Amino acid sequence: MTKADFESVVREHQRMVYSIACNFFHNAAIAEEVAQDVFLQLYENRLAVNVGTHCVAWLRRSTVHRCIDATRRSSFRQEIQVDVLPEIPDDSPETDPLLQEGLRRLIASLPETQRSVMILRFGEDMDVDDIGRTLQMPVRTVWSHLQRATARIREKAARFLKENDNERAGTRSS
Amino acid sequence: MNGLERDLRKSLKHKEPPAGFAERVLARAYATDKSHNGWLSRTSWQWLAAAAVIVLMAGGGFFFQQEQRRRTENERTKEQLMVGLQITSSKLRRVYERLEAIQQRTMDLHLE
Chain A
0 MTKADFESVV REHQRMVYSI ACNFFHNAAI AEEVAQDVFL QLYENRLAVN
50 VGTHCVAWLR RSTVHRCIDA TRRSSFRQEI QVDVLPEIPD DSPETDPLLQ
100 EGLRRLIASL PETQRSVMIL RFGEDMDVDD IGRTLQMPVR TVWSHLQRAT
150 ARIREKAARF LKENDNERAG TRSS
Chain B
0 MNGLERDLRK SLKHKEPPAG FAERVLARAY ATDKSHNGWL SRTSWQWLAA
50 AAVIVLMAGG GFFFQQEQRR RTENERTKEQ LMVGLQITSS KLRRVYERLE
100 AIQQRTMDLH LE
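Top line first, the protein sequences correspond to chains A and B. Residue numbers are given in numbering that gives the first Met the number 0: position 138 of the first sequence equals residue 137, and the series is strictly consecutive. Residue numbers are given in numbering that gives the first Met the number 0: position 106 of the second sequence equals residue 105, and the series is strictly consecutive.
Since the hints were derived computationally from the structure, they do not count as laboratory data. Do not take every clue at face value.
To be verified - Below, in silico cross-link-like pairs of lysine-lysine (PhoX-like), each with a Cα-Cα straight-line distance of 25 Å or less:
1. B:K77 / B:K90
2. B:K9 / A:K155
3. B:K12 / A:K155
This structure is a prediction, so every number in the text was calculated from the model and none was measured.
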């Protein structure tokens, strides 16, 4: 990969790398730091990485691994307050910014591997086989993480809804 | 696709990086390039330090060997000197004994 190739890769894939990091940490400053480090790592390894699909896969894998490493190293764990979560309706054709913000916070509160799987599945639109290859884990494990992560998000959302309903009922009775 | 999946996709869709992100990445990448090309980059320092350690170790080894050789030669010279002295003293003793014998014989002849 030449310098010109590197420049075009940065410009073409900066959104992808930044978005993975941003969805992972739910923090713009940390996301930018991690994304910059990923591209620097690519620059250092530019002779070994080919432009094209190999490069995209390399970027995704490096970003996820770097995010996981950064989380484990610095404990960027984020405690999510359930009461700030908006309601999650079953069918919402229009975009609800509050709902999306709540989901992003929920995803950022998941354990690292579940978070990575969710981001690659729903953010990068990757299939389970590709996720398995990227994270170097069996497909069955990917499925398991996906199911657990979805169940956890549903559970947290339901807990919030229940608390919300109780609050409403209390207000009505008083 | 159920409602939750659709909402997840919407929430996790790609976001624009902050303005000037690509320029900052390129600047950082090329800055590391310059430091790598400088005649004394971090790696160069590491190599220099390793070379210095090797030179010091080799020099130390050579000096130690020379010192050992000099000490062995000194020991050998000392031994040779001692042997020489021993030979000289035994010869002197023999000469002295002969002289004594001659003197005794002379005194005996004189008395007769």
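Checklist entry - Going straight from one Cα to the other, do K9 of chain B and K155 of chain A come out at no more than 25 Å? => result 19 Å, holds
Checklist entry - Has the given pair, K12 of chain B with K155 of chain A, been kept, meaning a C-alpha gap of at most 25 Å? => result Distance ~21 Å between K12 of chain B and K155 of chain A Cα, so the pair holds.
Next on the checklist: Hinted pair, alpha-carbon criterion (25 Å max): K77 of chain B, K90 of chain B. Please report holds or violated.
Outcome noted: 20 Å, holds
No hint from the list above goes unmet by this structure.
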